[in-house]
Each structure stands twice: as C-alpha cells, then as structure tokens.
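Asker: Order-wise, the sequence lines are chains E and A. For the first sequence, the residue numbers in the working numbering are 141 to 385. For the second sequence, the residue numbers in the working numbering are 141 to 385.
It cannot be assumed that every hint is accurate.
Repeated chains share a single entry, so a pair holds when one copy, or any two copies, can fit it.
With a straight-line Cα cutoff of 20 Å, these simulated SDA-like cross-link-like pairs (lysine to any residue) come out [claimed, not checked]:
1. K183 <-> L269
2. K382 <-> G364
3. K221 <-> E205
4. K183 <-> L165
5. K221 <-> L165
6. K382 <-> S225
7. K382 <-> A264
8. K314 <-> R196
9. K345 <-> T175
10. K345 <-> T194
11. K345 <-> P268
12. K183 <-> P272
13. K382 <-> S229
14. K183 <-> S259
15. K382 <-> V358
16. K382 <-> R371
17. K345 <-> G364
18. K314 <-> R246
19. K382 <-> A203
Don't read these hints as lab results, they were simulated from the structure.
Number of protein chains: 2
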Amino acid sequence: MVQKKMVERQIGVALWRQIADRIRLSISNGDYDKTGMVPPEIKLASQFGVNRHTVRSALASLADEGLVEAIQGRGTMVRRKERLSFPISRRTRLSQGLSNQVRNIRSILLAHDELPATSEIAAALNLPLGTPLIRMDTTSAADDRPVSYATSYFPAARFPDMAEHFGRLGSITKSFAAHGLPDYIRISTEIIARHADADELATLKLSAGAIVLETVAVNADPDGVPVQFSRSRFAADRVTLKLET
Amino acid sequence: MVQKKMVERQIGVALWRQIADRIRLSISNGDYDKTGMVPPEIKLASQFGVNRHTVRSALASLADEGLVEAIQGRGTMVRRKERLSFPISRRTRLSQGLSNQVRNIRSILLAHDELPATSEIAAALNLPLGTPLIRMDTTSAADDRPVSYATSYFPAARFPDMAEHFGRLGSITKSFAAHGLPDYIRISTEIIARHADADELATLKLSAGAIVLETVAVNADPDGVPVQFSRSRFAADRVTLKLET
DNA sequence: CCGAAATGTCTATTAATGTAGACAACCATA
DNA sequence: TATGGTTGTCTACATTAATAGACATTTCGG
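Throw the hints in and build the complete structure from the sequences for me.
Answerer: This is the structure:
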C-alpha cells in the first residue's frame, strides 16, 4: 500500500524532521496503542517513500525527546504519548485546570523587571502610555516537562510586589490574592501558531524547528479593570488548548 | 549590533526557511510599516548571522508567496501584511466575524458524502455509534485568499439536505436555517497547532512546511443538542484566533 | 551625471542531508 | 537451536543547503 500523505522535498524542512513530526502526531493520536510499538523502520521507510536511514534519523530525534525507545532485535517502543489539555475559560487557572492530568506542576520565575508601558500594552490594560509595569518571565512544567513560557505585565502601582510574591508562591492566582485580589477573569485571548524561536526552544526544551502556540490574554478584576497582560507560549506538540464556555 | 535571537543550524529546518518565517512574522507584526520596505539583504544577513545568499533564498520564497517584491536598485517592498483575526465565541459565525476585515468571503463545498459515526464523533455528538452522518469538506477564502479548510459532520436524520443547502447558500448558518434551525451555539472547542499535510498545503495554497491551526468544535442547538462536529484548519500565518467571552 | 546603495547573477567551495548496500547484533519463537 | 525479523553500524556516494567573493545592473539623491 502506498501512503496517501507522502513527505515533501525541497521545502526547507528536512525529510527526517517531517517524518519525526508525523510519527509524533501518530503517537499522540494513539495510532500505535494496540501494540505500543512504532512500525519497523523498513516499513516506515516504504510508507514515507524514503530510505531507511532517513527514518532512523527521525526516530533518533524522537528517542532524544524521550518519546520512543528503540530496542535492538525487537523494535521501537512508544514511551510517552501525552498531550496535555489546557483549559482556557473566563476563569483560567493553570494549576487547577491541569491538576487532574498530571502529578505535579511547578512554576518558576525566570526574570523580572520594571518598565514603562508600550503603546500595545497600555492600550490593552487601558493605562496611559508609559505607566510603570512589572514584567515577569515565568515558565511552568508539568511532571518536570516544560509546557508553557509566559511573559506577564502588571500595573506596578497596584501590584508592586508581584515578582516577589510569585517567586515565593509560584502562582499568579496566589500572588494576586496576596495583593488583596481574590478573583480575576479573562477578558480577551488571541491565539497564533508559529515556529519557536531560539529562546523558546531553550526554555521549553523543544527539539528545534518545533511549533509553539502563543496566547495573548488580558485579565481583569471583577470590576472589569485590567490587571494583567500576558503572552504565553505552549509547546504545540504537548498541549491542546481547550476552550470552555 | 548582534541580533539576540539567532537562527539555528542542524535542526532539520533550513536556514532560509527559518529566516523566511521570521521575516513573515515581522511583516505581520508591522515592524516594517514605517518605510514599507524590508531591510536590505546585507543587513538582514548580518542580523541573522548568515550569508547574503541565504537571506536571498528566504526573500525569494516570500516573493513567491506574494508577500514581498524585490526591486533592483531600490530594495524589497512589503506587498501584503494582513493577518485575519478570527473570532471564536459561543456564537461563532464565520462571515459575520470577518465581514469588517475583508471585502468578500467565499465558501466552497469541496466534497460531501454520508457515513456512519465513528466512536470519536458519536461521543462528541452524543449519538449511538454508527448513526448516519453527513460529512462535508468546505473551504473559505477571504478576498480570494484561502483561510480555512473544514470537515464537518451533521446527523443525517435531522439535516438530510445539509450539503445541497450549503452548495447553494455557501454558509453553515444559512443551511441550518434552511433546516429550521435559526440559532446554534458552540459548546466546545479544542485547538492544536501542527505542520500542514500535503492535502492542506494544496487546499489552503500554502508554501510547504507551513503551520496550521486546527480547531475541533461541537455546535449545539439552543436546547443543547449537538448538531455539528467540525474540524477546521487555518493557515497559521494568515489568521489569529480571537476568543470572545 | 557621478557615486552610494541596493538587488541580480555567476563561479567555486564546504557542510548538511539523503540514498544505497552490506553485514553485525540481538530477540522471539517454532 | 535454527530462522526470520528487527535495530545498530559502517562505507561510499549523490543531492541540497550554505558560504564566499566578484562583479553587473538599477535606482536615487546630491
């Protein structure tokens, strides 16, 4: 049988990478759940219409990610297949939404500083241009696998100790609470997809060439006053964004 | 000045493609709006830390997409920069949401057939396994640029003439109305990002290696009875999904 | 109308990617 | 324990991607 969806040449994406992406997708789709094994290299090679060595490069890259493990004489085993489902709702709370999917979630403050609002952020937060903001770069890992990398901005006047609190509490929700804001809602979200840049590859521990889902969101207090502007990047092959209504 | 976000080697994605992706992003971010020109090749080459010829390959690919145009002696001009903002809400209506962003929207029925419900779709639509469904493949273009490619499933018993209506009306909303359903709401949406397959590349007229945003949604009538299961794919570099609450 | 700055074209070379084939090592099982 | 099916390793070669440099061509401003 000839594979319907062949791999493509001369598009600036190496064949082994295209094949690795396709196998990764098959794994997360559960295509190999019956046996728990990836098809033999020779079979994959003929399906994709490439040489066996090219398939081996793809599998090597997946093995490097920890997704599969090859065993000489037996075959190549699927080791991991999760794709986290990431809820997005008016009350999006990272830890809460993932808590029933993973054992532990850890958020880390990578960096923080104070800077004046740019026009984009000032408009989103409904603040005058140049208003002082706290900026925080944070990353979250589920069961020690990085899933998100976010840059958040908060009005410095209202939330002067955001970074300190986050560093201690590891949670935006708790940091807001420490500033006397017990609840907040999401008032807008935009989503795009693109290739990860070097910074994101490193932070999210992605194999290069990977895709990120980027959400740009504004959160507000119960009175509708914006309190947070954030850009979050998710490893596209590890998460599904699930909108809740 | 050295560019902070360098380009990466040996990752299975050709440098010219990484650079093309980055320039495309800069264009849609409006980075070149002031002059309407992409920086000179030599400057780009030094910023990305590559040879000028590599930058030329990237620009040639963008020119091929119609995004830029090089003029000897002058420079390289931005020709197009749009990124459509695609609203997703409980009452998502394609034509309505885009109407103030483009001049015309055209939807086409590519194919349709009838088939029994698979377990995934049966569960989503709350129907018994094997229930007859109408399947429709449709594509939409905004100002003659393809933006979405969707496969939708409807219960055949309730909406027997969905495909005929759509072929004539070019709208899901109107086709539902023709079946006596004036309103419907979205009850779930999931979003993932991945590389486009060959079929999607062709239908969405993407340059190969491109990324698609895929939404999997279930729509229901006002009583909450599911009426549509759909898988839509968007050209990631042409749209932003905008969640509305 | 000259010169600076930009893109266009050509040649040559090196590095990365992909193909081809042979054979070793290992595993399961008949 | 022999056999078939699998992954691991090696060599050789072809094709594509990237670098390097030289110079032509075009545009624009002084």
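Asker: Have a look at K382 and S225 and pick one of within, between, both or neither, based on CA distance no larger than 20 Å.
Answerer: Both: 6 Å inside a chain and 19 Å across chains, each within 20 Å.
Asker: For K382 and A264, with the copy left unspecified, which applies at a CA distance of at most 20 Å: within, between, both, or neither?
Answerer: between (23 Å within a copy, 14 Å between copies)
Asker: Between copies, within a copy, both or neither: which fits K314 and R246 at Cα up to 20 Å?
Answerer: Answer is within: at 14 Å inside a copy they meet the 20 Å cutoff, but 47 Å across does not.
Asker: Under a CA distance limit of 20 Å, which applies to K382 and R371: within one copy, between copies, both, or neither?
Answerer: Close inside one copy (17 Å) and across copies (14 Å); limit 20 Å.
Asker: Could you place K382 and V358 in one of the four classes (within, between, both, neither) given a Cα distance threshold of 20 Å?
Answerer: This pair counts as both: shortest intra-copy Cα distance 17 Å, inter-copy 12 Å.
Asker: At 20 Å max between alpha carbons, let me know whether K183 reaches P272 within a copy, between copies, both or neither.
Answerer: neither (59 Å within a copy, 34 Å between copies)
Asker: Is it within a copy, between copies, both, or neither that the alpha carbon of K221 lies no farther than 20 Å from that of E205?
Answerer: For K221 and E205, the Cα distance is within 20 Å only inside one copy (12 Å; across copies 35 Å).
Asker: Within a copy, between copies, both or neither: which one fits K382 and A203 at a CA-CA cutoff of 20 Å?
Answerer: neither (28 Å within a copy, 36 Å between copies)
Asker: For the identical chains here, do K382 and S229 meet the 20 Å Cα criterion within one copy, between copies, both, or neither?
Answerer: Both: 8 Å inside a copy, 13 Å across copies.
Asker: Is it within a copy, between copies, both, or neither that the alpha carbon of K345 lies no farther than 20 Å from that of T175?
Answerer: Close neither inside one copy (28 Å) nor across copies (37 Å); limit 20 Å.
Asker: Should K183 paired with S259 be assigned to within, between, both, or neither, using CA atoms and 20 Å as the limit?
Answerer: neither (55 Å within a copy, 27 Å between copies)
Asker: Can you give me the call for K183 and L269, within, between, both or neither, at a CA distance of at most 20 Å?
Answerer: neither (60 Å within a copy, 31 Å between copies)
When held up to the earlier numbered hints, the structure conflicts with 1, 8, 9, 10, 11, 12, 14, 17, 19 and fits the remainder.
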